[in-house]
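S.K.: Throw the hints in and build the complete structure from the sequences for me.
Take a look at the letters that make up each chain.
Protein chains: 4
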Amino acid sequence: MLQVGVIGATGYAGSQLVALLVNHPLVEIAYLASHSYSGKRFSEIYPSLQGGCDLLLEEEDIEEASKRCSVLFLALPHGMASHKVTKEILERCIIIDLGADYRLSNSSVYESWYKSDHGSKDLLGEAVYGLCELHRDRIGTANLIANPGCYTTCSILTLAPLVAEKLVDPTSLIIDSASGVSGAGRSEKLGSLFCEVNESYKAYSVATHRHTPEIEQELSALNGADLVVQFTPHLVPMHRGILSTCYANLKEGVSEAEITSAYRKWYAGESFIRLMGSSLPETRYVKNTNMCAIGWKVDGRTNRVIAIGAIDNLVKGAAGQAVQNMNIRCNLGEESGLASTVASPL
Amino acid sequence: MLQVGVIGATGYAGSQLVALLVNHPLVEIAYLASHSYSGKRFSEIYPSLQGGCDLLLEEEDIEEASKRCSVLFLALPHGMASHKVTKEILERCIIIDLGADYRLSNSSVYESWYKSDHGSKDLLGEAVYGLCELHRDRIGTANLIANPGCYTTCSILTLAPLVAEKLVDPTSLIIDSASGVSGAGRSEKLGSLFCEVNESYKAYSVATHRHTPEIEQELSALNGADLVVQFTPHLVPMHRGILSTCYANLKEGVSEAEITSAYRKWYAGESFIRLMGSSLPETRYVKNTNMCAIGWKVDGRTNRVIAIGAIDNLVKGAAGQAVQNMNIRCNLGEESGLASTVASPL
Amino acid sequence: MLQVGVIGATGYAGSQLVALLVNHPLVEIAYLASHSYSGKRFSEIYPSLQGGCDLLLEEEDIEEASKRCSVLFLALPHGMASHKVTKEILERCIIIDLGADYRLSNSSVYESWYKSDHGSKDLLGEAVYGLCELHRDRIGTANLIANPGCYTTCSILTLAPLVAEKLVDPTSLIIDSASGVSGAGRSEKLGSLFCEVNESYKAYSVATHRHTPEIEQELSALNGADLVVQFTPHLVPMHRGILSTCYANLKEGVSEAEITSAYRKWYAGESFIRLMGSSLPETRYVKNTNMCAIGWKVDGRTNRVIAIGAIDNLVKGAAGQAVQNMNIRCNLGEESGLASTVASPL
Amino acid sequence: MLQVGVIGATGYAGSQLVALLVNHPLVEIAYLASHSYSGKRFSEIYPSLQGGCDLLLEEEDIEEASKRCSVLFLALPHGMASHKVTKEILERCIIIDLGADYRLSNSSVYESWYKSDHGSKDLLGEAVYGLCELHRDRIGTANLIANPGCYTTCSILTLAPLVAEKLVDPTSLIIDSASGVSGAGRSEKLGSLFCEVNESYKAYSVATHRHTPEIEQELSALNGADLVVQFTPHLVPMHRGILSTCYANLKEGVSEAEITSAYRKWYAGESFIRLMGSSLPETRYVKNTNMCAIGWKVDGRTNRVIAIGAIDNLVKGAAGQAVQNMNIRCNLGEESGLASTVASPL
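These protein sequences, in sequence, are chains A, B, C and D.
Under the UniProt record's numbering, the first residue of the first sequence carries the number 1, and numbering increases by one thereafter.
Under the UniProt record's numbering, the first residue of the second sequence carries the number 1, and numbering increases by one thereafter.
Under the UniProt record's numbering, the first residue of the third sequence carries the number 1, and numbering increases by one thereafter.
Under the UniProt record's numbering, the first residue of the fourth sequence carries the number 1, and numbering increases by one thereafter.
Intra- or inter-copy, both count: the list cannot distinguish identical chains.
Only pairs whose alpha carbons sit at most 27 Å apart, straight line, appear in this in silico DSSO-like list of lysine-lysine:
(1) Lys265 to Lys166
(2) Lys121 to Lys87
(3) Lys40 to Lys297
(4) Lys297 to Lys115
(5) Lys189 to Lys40
(6) Lys297 to Lys189
(7) Lys40 to Lys67
Note that these hints are calculated values from the structure, not bench results.
As the structure is a prediction and not an experimental result, all values here were calculated from the model.
M.R.: Dropping the structure here:
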């Protein structure tokens with residue numbers, strides 16, 4: 001059994017990760033840390049896991065953790081991981097960071113969007129962007145894997161074939177996304193209170209959301225030239241789920257059939273991509289799963305393609321993809337511990 | 001007291017209208033019809049109105065109704081009103097139609113989007129599109145007022161100043177909207193069941209939604225030339241509210257200040273428009289009110305403006321605007337019976 | 001115009017109160033205090049009230065406030081009001097306290113349930129328990145009115161006729177209640193986060209909830225002898241509303257008709273009680289209104305009556321009843337400013 | 001692999017059952033019937049199961065089905081199963097009926113609560129009430145297993161130790177329950193529409209709910225004498241979950257410790273019972289699992305015990321318990337295919 005640990009185990013992404021690891025047939029949890037709840041058992045904080053995970057939560061100590069674990073997941077607020085991870089740690093332990101610190105290869109882009117210094121620029125060269133479907137080979141040998149953001153995963157996977165296959169005008173990309181509330185994390189903020197969120201819908205961080213440069217980094221690489229995207233997140237009164245409605249102007253003469261071919265070609269054989277064609281995804285279709293469902297429609301009137309992707313923000317958008325990265329890196333079988341999550345139709 | 005009636009009184013838009021009319025100081029409800037519930041009292045169907053409106057629901061009879069009422073509201077599925085309204089009825093009674101039949105001045109556009117014949121093309125010339133802020137003068141003398149759609153109202157009001165003032169490229173308009181579930185009406189459809197809607201988010205009618213030609217008709221007029229828009233509706237698990245996130249490419253050199261000026265100029269003195277600038281609306285800010293709240297942001301990186309409008313789909317998007325139209329037409333004071341709806345902060 | 005003020009204006013009860021006062025035809029808000037937001041405008045905190053209430057929020061100063069206002073509402077956490085109110089203040093100003101401090105006439109009962117000292121026991125004799133339907137006469141002359149709790153209002157109104165008319169065994173009373181989340185207030189607590197509340201249902205404070213002694217005080221008085229009740233609150237994932245399902249063993253030979261008569265006799269002429277008989281209330285029937293709806297059923301198999309009451313916890317359970325108390329005390333007409341809240345069927 | 005089938009596969013209980021069976025390591029689905037959707041693939045109706053279950057839905061034919069399957073699950077509206085099952089079918093196939101037809105051993109009790117004839121009274125003697133924790137032995141040899149109702153499962157499991165151990169007055173039992181909306185099934189009823197359910201809470205079927213006689217049958221048996229219970233269901237705006245808050249008068253001198261002992265004794269070694277003592281369950285703690293969580297509190301003031309049970313109505317309250325019954329009957333290991341559902345903390 002592979003020994004694994006989670007630092008930041010009681011946030012929403014962290015706890016989803018624990019739940020997945022508990023059910024993973026090839027790993028054993030050897031370490032859980034929580035700053036807020038150290039000294040308590042995980043199942044005191046999440047009674048739904050009583051009997052499933054009754055481990056004691058420890059105060060965070062990455063040195064110690066990296067000795068006990070072969071794989072260590074970090075689920076921390078941005079800016080923290082880059083001050084903790086070191087070359088020495090990476091020599092003995094694979095780090096999968098669910099935060100933002102190692103996602104952007106250019107530290108000045110990081111610093112301009114996150115308004116804070118990066119704590120370990122020297123490690124950026126070692127980090128691999130852990131979007132499994134795009135970087136599987138490099139993930140297979142990386143000791144520092146930057147697990148992508150939730151909006152990011154959904155948006156990039158939805159647009160990648162269109163951009164890479166040069167079917168759309170790369171200056172025209174607009175990504176209109178919406179997320180369930182768990183994306184805001186478990187901190188005690190006014191804006192996350194039930195009565196402030198329920199029965200309402202809003203856009204937020206318009207033109208300034210930090211997932212924007214991640215999307216641009218990856219789509220630019222696929223495009224072979226820098227591009228910018230318009231990205232607008234919205235908040236939906238539900239627990240989980242992200243839907244990205246992506247707009248792009250079609251290049252001259254591109255047909256719906258070519259778009260369909262591009263998706264099929266790109267995602268052939270992928271376990272966690274579900275192509276739905278014109279029957280469009282809803283977030284409930286992927287709830288509690290590691291799946292990204294994608295649909296598309298060409299609008300002949302406007303000469304645009306509208307491509308829509310859906311994921312569960314806590315699974316494919318965070319903990320599930322982290323497990324998928326571990327599976328790839330450690331040769332555990334890419335679906336290991338992830339298939340069983342397709343357990344409920346509602 | 002003005003005598004008024006509602007045909008289709010027990011649907012969601014109809015019942016919201018009844019609730020507003022009950023509280024309107026200058027009108028008296030003289031007639032309520034409901035095909036599904038004729039013979040019952042309104043308050044048996046909506047117990048929240050017990051003591052407020054205990055009138056008997058009648059089987060629909062527009063001839064009779066138009067004799068008893070000075071203003072008659074129709075809240076019927078599309079395609080029905082155009083087979084009921086006649087020149088004779090319009091001579092004795094003002095019709096405010098909450099359905100789609102008289103909104104599109106070109107009957108062939110209607111027939112191509114609605115896939116059905118129009119029942120009274122000869123009356124289209126008399127109909128005035130009842131978007132109060134744009135057509136107040138013509139509404140003031142019209143006997144057939146076509147109350148706009150919910151998405152339509154929100155989207156047009158949000159984009160009108162930008163288009164009319166030539167601040168944006170009219171070929172670039174993308175409207176990404178989301179609505180609460182009451183927009184789907186009260187019919188017993190699988191897709192409106194709690195368990196099919198709750199905890200999910202989806203796009204629907206992509207590239208084919210029937211509010212598209214309405215938006216195009218009005219924005220084309222403001223543009224002085226035909227334009228097409230990309231319009232995508234989404235469904236949010238909440239009762240009420242529409243938010244339209246509108247994207248447009250800025251014309252060369254247009255600044256945020258010019259955009260702000262355009263909004264201020266267009267909506268100066270409007271009782272039911274709330275300009276929020278960069279502090280962006282949320283649907284809860286307008287819940288249960290006749291207000292349209294609008295905010296905007298310029299994204300210097302992409303050279304686009306993102307303008308966001310919010311309304312309550314059942315009030316400004318249906319029943320409230322219908323009352324506003326009546327108020328204008330009958331000189332009752334435009335805010336009459338509408339101001340008191342600002343009754344709750346949650 | 002009566003000059004009024006609110007201390008604690010930005011909590012959920014406080015803000016609901018502000019919204020009601022803004023729409024009240026006979027009062028003018030002269031003072032608003034908020035500890036958290038002093039220096040800001042009310043409408044910055046609640047943008048839905050932009051244009052409705054743009055007053056500046058002040059730091060709390062009850063001396064000053066009681067000079068500017070004829071009626072001062074306190075919407076503070078328990079334990080605060082009793083340290084602020086004085087005899088001098090009560091000589092110049094009517095205090096309506098939405099908190100718990102003056103509800104229990106016996107200070108030792110207060111201290112044993114609230115685990116804290118009472119700050120002004122000498123004033124308890126002047127306080128009148130502001131359950132309007134039961135104490136209208138005494139409210140009419142009181143300068144210190146203790147506005148009842150939300151669960152309390154609903155439970156007492158539902159059980160009062162049964163207890164007072166000696167129709168049920170007073171040792172058998174079980175009150176199973178459920179509330180929307182706004183009852184927990186606007187403080188930033190983990191347990192009020194959307195993701196901790198949504199899609200779940202729980203009992204809480206079983207056998208220990210502080211509304212218990214209030215219910216017992218009032219029902220004991222009606223019973224003419226001390227009684228104890230079993231009270232269990234639950235949390236429902238919705239904004240507003242309380243439903244109390246009350247169980248009582250019928251006294252020998254009591255019929256459903258006698259129960260119906262008792263309700264009719266007790267609540268004849270009450271504007272804010274809606275008797276529904278066996279057609280049972282739902283919380284949506286009273287949402288945004290000051291109404292308490294009550295239904296009942298006799299179960300011949302078990303010889304019990306099940307009586308069910310519903311209120312909006314923020315209106316009849318807090319701010320609305322506070323306005324009703326002011327209306328009674330100041331002869332403004334009991335329904336003044338409250339009727340118009342029946343504005344929406346959904 | 002055991003060959004199994006489901007008749008009524010596209011309702012909420014049926015589809016949850018299909019999802020569990022798909023993930024069950026020891027069974028293979030050989031037959032799925034749906035009256036509404038025959039001819040379509042299961043995953044067309046539930047896209048979340050695409051790739052998981054793409055079987056064709058057949059028109060119901062129990063003869064054929066019972067030949068193809070070793071175990072056949074019926075998930076039909078009440079009154080249907082009893083007209084389909086025959087002695088011949090039971091000779092070749094184990095029937096697990098998720099409906100009500102075989103739950104009540106006394107057909108006249110069935111007929112008086114369900115107001116309809118029972119179609120196969122001769123088979124009632126063969127039916128075993130499939131509440132696994134109470135009737136494991138008899139289930140192990142039964143060919144006709146009546147899977148219990150949702151409210152029933154939760155209420156009986158919560159009260160069984162108290163009644164069987166004679167700790168409470170059997171004439172005092174009051175069960176106040178609440179359920180998520182999936183309990184109402186997938187039929188297109190007004191009362192199940194999102195806008196009729198969301199943001200509201202109500203009691204229904206007060207004193208008349210059909211799960212009452214089931215609870216009485218089982219608790220009477222444990223009591224050794226007939227008893228009646230007061231059972232009141234409520235509707236909560238959430239997908240899943242049942243919570244039963246049960247009240248009982250303690251027998252003279254019974255202590256909290258004795259109650260705790262009784263629960264421990266009764267449920268020692270049970271995989272799907274989680275005893276929480278005074279830290280009380282919430283429905284989210286058991287969501288998507290086959291667990292029944294139980295907590296209890298003694299109220300010294302009232303001399304009552306309040307015992308609270310929580311289940312997922314679609315899992316332990318329907319499909320999960322059906323699988324558990326199959327596991328017991330077919331020696332598959334009682335937890336087989338059920339453990340993996342503990343997959344998410346939210």
